[in-house]
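Chains A and B, in that order, are what the protein sequence lines are.
For the first sequence, the numbering used here gives the first residue as 46, with consecutive numbering after it.
For the second sequence, the numbering used here gives the first residue as -17, with consecutive numbering after it.
A few of these clues could be false.
Claimed, not checked - Selected chain A positions facing chain B (in silico; Cβ < 8 Å):
# : residue
1 : 51
2 : 53
3 : 65
4 : 67
5 : 300
6 : 349
7 : 620
Unchecked claim - Here are the simulated distance ranges between beta carbons:
#  : chain 1 : residue 1 : chain 2 : residue 2 : range
8  : B       : 26        : A       : 514       : 44 to 52 Å
9  : A       : 57        : B       : 1         : 36 to 44 Å
10 : B       : 171       : A       : 375       : 36 to 44 Å
11 : B       : 38        : A       : 429       : 30 to 38 Å
12 : A       : 488       : B       : 1         : 52 to 60 Å
13 : B       : 21        : A       : 481       : 54 to 62 Å
14 : A       : 228       : B       : 175       : 24 to 32 Å
15 : B       : 21        : A       : 142       : 50 to 58 Å
16 : A       : 523       : B       : 170       : 48 to 56 Å
17 : A       : 300       : B       : 116       : 25 to 33 Å
18 : A       : 57        : B       : 173       : 18 to 26 Å
19 : B       : 60        : A       : 123       : 19 to 27 Å
20 : B       : 21        : A       : 618       : 31 to 39 Å
21 : A       : 123       : B       : 171       : 21 to 29 Å
It should be emphasised that the hints constitute simulated quantities derived from the structure, not laboratory data.
Even glycine gets a Cβ: it sits at the ideal position worked out from N, Cα and C.
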Amino acid sequence: MNEKEFEKLLLSVQKPGRYSGGELNSVVKDKEKVKIRFAFCFPDTYEIGMSHLGMKILYSQFNEREDIWCERVFAPWVDFEVLMREKGIPLFALESRDSIKDFDFIGFTLQYELCYTNLLNMLDLAGLPLKSADRPSLSPLVVAGGPCCCNPEPLADFVDLFFLGEGEEVDLEVIDLYREFKEKGAGKEEFLRAAAKIEGVYVPSLYDIEYFEDGRIKSVTPKDGAPAKIRKRIMRDMDSSYYPDRFVVPFIEIVHDRAVQELFRGCIRGCRFCQAGFIYRPVREKSADTVNRQAKALCENTGYDEISLSSLSTSDYTCLEPLLNKMLLWTEPQSISLSLPSLRVDNFSAELLGKINHIRKSGLTFAPEAGTQRLRDVINKNVTEEEIFRTCKTAFEGGYTAVKLYFMLGLPTETDEDLKGITDLGRRIIDLYYSLENRPVGKSPSVSVSVSTFVPKPFTPFQFEPQIEKEEIERRQNVLKYSNTCRKVNISWHDSSVSFLEGAFARGDRRLCAVLEAAFKKGCKFDGWNECFNLQKWLEAFDENGIDPLFYSARKRDFDEINPWDHLDFGVTKDFLIRENKKAHSAKITPNCREKCAACGAACFGEGVCFEKR
Amino acid sequence: MKNVRLFYTKKGRMKFLSQLDINRLMTRVIRRSGLPVWYTEGFNRHIYINYAVPLSLGFEGEYEIMDIRLTDDAFEYEEALSRLNSAAPEGIRFLRAVDPVLPTKDIAFAEYEIAFESGNVFLYPALEKFLSSDSVICIKKDKKGRLKEFDIIPKIKSTDFSGDKPRLILSAGNEGNLNPAMVLSAFFEKTETAPVFYTVRRLMLFDAGLKPFV
């Protein structure tokens, strides 16, 4: 398609900047001079995908290699998709505008289950058969990485190969192996068998699954020499691990439109609902010098005036104060603001507040997750009410008036009392504000309570738990709503039917592939977007394939049941998850990794917090 | 501290950017260039930039103007231009840096070049005839969201159909700005012509005396 035609199309869609390419720091290479073309696909819109750190890291890292050209691909929004299909424009990569059909790799990052239909839609838009088995040639190879790969079974029929864990090393090992096999003219099956021997590579077609009559898994059998357990990969030394010194800087506004600096991977906390807290173990930190140097380069090369210090629980970084002191030396004169997401209530000091407050005042957000101390103990969110109040006091006295609190609804053992505890906490925070003598003058406080629905996830102690059903979710949302008597407390919650779908796919097995394909064929896409999600079509897709979604989401699983992800090894052992589950039911907490090792199994990687002196 | 007026072009892929996008882009271009610019001192500190007349998404511009302030009075304009150009993406070119002569509120007119695709150029005479009407009443929303009738003809200073592509000089600036997209949609609607694809390029900004704005 020529430039003029393309331009004409872009001018008739929303936000043409999503598709125009040409952003600062985007990488354009001579396609004749590269050996491997990699389409890095994010199965959601440009604004969401461009905010994702993992993609930025791998995009830059791949492009450092002369023989690889990695380009970005996002799911076109529905308006542009209509035009693409009408005009016969195949899915293209932003940098070259070439159709990705002829690339060597089509790599997806899977950040949430609700993007799965977009993955199918993107393959279809590229003009490729959806099923791995219907794509017999070596290229393009469809691969995927990201947190959802800790249970990739619902995508097993479509994706040739999954990367488990962190991609910096294993992705390149696979690319190198591919190049070797491509040059010697080998076929796809031969390649996949060889790739399965690389640690961190899961080739689903090399595993046969047998089921009991009641639908549970009977056995998982590897074939052709594939390993029985596939262990995830991690970067052992974060200081020497690759980090980009520049990001592609978008023209249009994206969700996280700022420089992002990673402090560490993993989380010491072990909140029992949190998948990230388990699958990214063990905690490995970067030194303050590394962080400072990398952050500075990023700001210089992008022109961003805001940098976010990002990690699962930023205030757990052991050298946060010295780091902030170092960074303020250059951020302040250059009017760069620092933001610290994921602060915890229990180690939030007035001094820290002063530091992030230096340049620009942003909102204050905390995640107590549950309304009562009992339930917080169940989920191992080791935060006390006293700490919440102390932090709010600090924040109010520091000039803040708006507090945002995150909670979950539908946690195991939750009662109506726990729900009432949420609104009660909000009201008492408002009361606290008015009880302070040195509160901000002439301002009104507000507490925004955001309540999401709990979805049990693989590799968490709650992976055995039933998810509450739609009617019950709605009943509990009403309990919450009617328990709120304070106008300054604002409660918002998520749609219950989306959580239901997420629940089925999070712990689903490969029989869901047929459901996914059927839903896609009915037109399901962008399921995470309210304006696109269509519950009716999904229910039909389940029904037509004779599959009950509640079998996956609403059933209590025995400890000895074989889960669809049990042959994947993310370090944490099933024994540990069972121990944690039992402790949850007796409301016993587990200290964080720095206080006491809980013998979760992540020490098998030989690095990180597991080997720190306690 | 001194005010500096920058003239730049917005072409190619840059046409897909809205004015808000351009502002974000320019802020980052300036930051990367390392120019000693002045920041506002309000609640949310940001680089002071004043755009003469915003350009719509989809339009190209040959004579775009933005004013900034340099905190170093002795800073060379040549150096500023070369630093800005090396930090700017393809499609944005800084052409001149000067001391502002007139305040931006003195901008009164803008010249636009309209282009239809080659298969539709036969519509130009009809457009010319349409624009020579005595009055064309259009409806637009005012700032309060109320629908308001107004005549576009008095806001068309002159038209030139002698070249390949028509050129229109339209009223511009804070008061009485007329967007060429409105002229074209009025043309399609009132003459019952099926709308065709067109591109717009802004060539020049003028003061009330039709002298190039400087």
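Status of the hints after comparison with the structure:
1. 51: violated, 10 Å
2. 53: holds, 5 Å
3. 65: holds, 5 Å
4. 67: Nearest chain B Cβ about 4 Å off; hint holds.
5. 300: violated, 14 Å
6. 349: Given a least distance of 7 Å, the restraint on residue 349(A) holds.
7. 620: violated, 51 Å
8. 26(B) / 514(A): 44 to 52 Å: At 46 Å between Cβs, range holds.
9. 57(A) / 1(B): 36 to 44 Å: Cβ of residue 57(A) to Cβ of residue 1(B): about 19 Å, so the range 36 to 44 Å is violated.
10. 171(B) / 375(A): 36 to 44 Å: With Cβ atoms ~56 Å apart, the hint is violated.
11. 38(B) / 429(A): 30 to 38 Å: violated, 55 Å
12. 488(A) / 1(B): 52 to 60 Å: At 33 Å between Cβs, range violated.
13. 21(B) / 481(A): 54 to 62 Å: violated, 33 Å
14. 228(A) / 175(B): 24 to 32 Å: Distance hint for residue 228(A), residue 175(B) is violated at roughly 58 Å.
15. 21(B) / 142(A): 50 to 58 Å: violated, 38 Å
16. 523(A) / 170(B): 48 to 56 Å: holds, 52 Å
17. 300(A) / 116(B): 25 to 33 Å: violated, 51 Å
18. 57(A) / 173(B): 18 to 26 Å: holds, 22 Å
19. 60(B) / 123(A): 19 to 27 Å: The hint (19 to 27 Å, Cβ to Cβ) is violated, given that residue 60(B) and residue 123(A) are roughly 48 Å apart.
20. 21(B) / 618(A): 31 to 39 Å: This hint is violated: roughly 54 Å between Cβ atoms.
21. 123(A) / 171(B): 21 to 29 Å: holds, 28 Å
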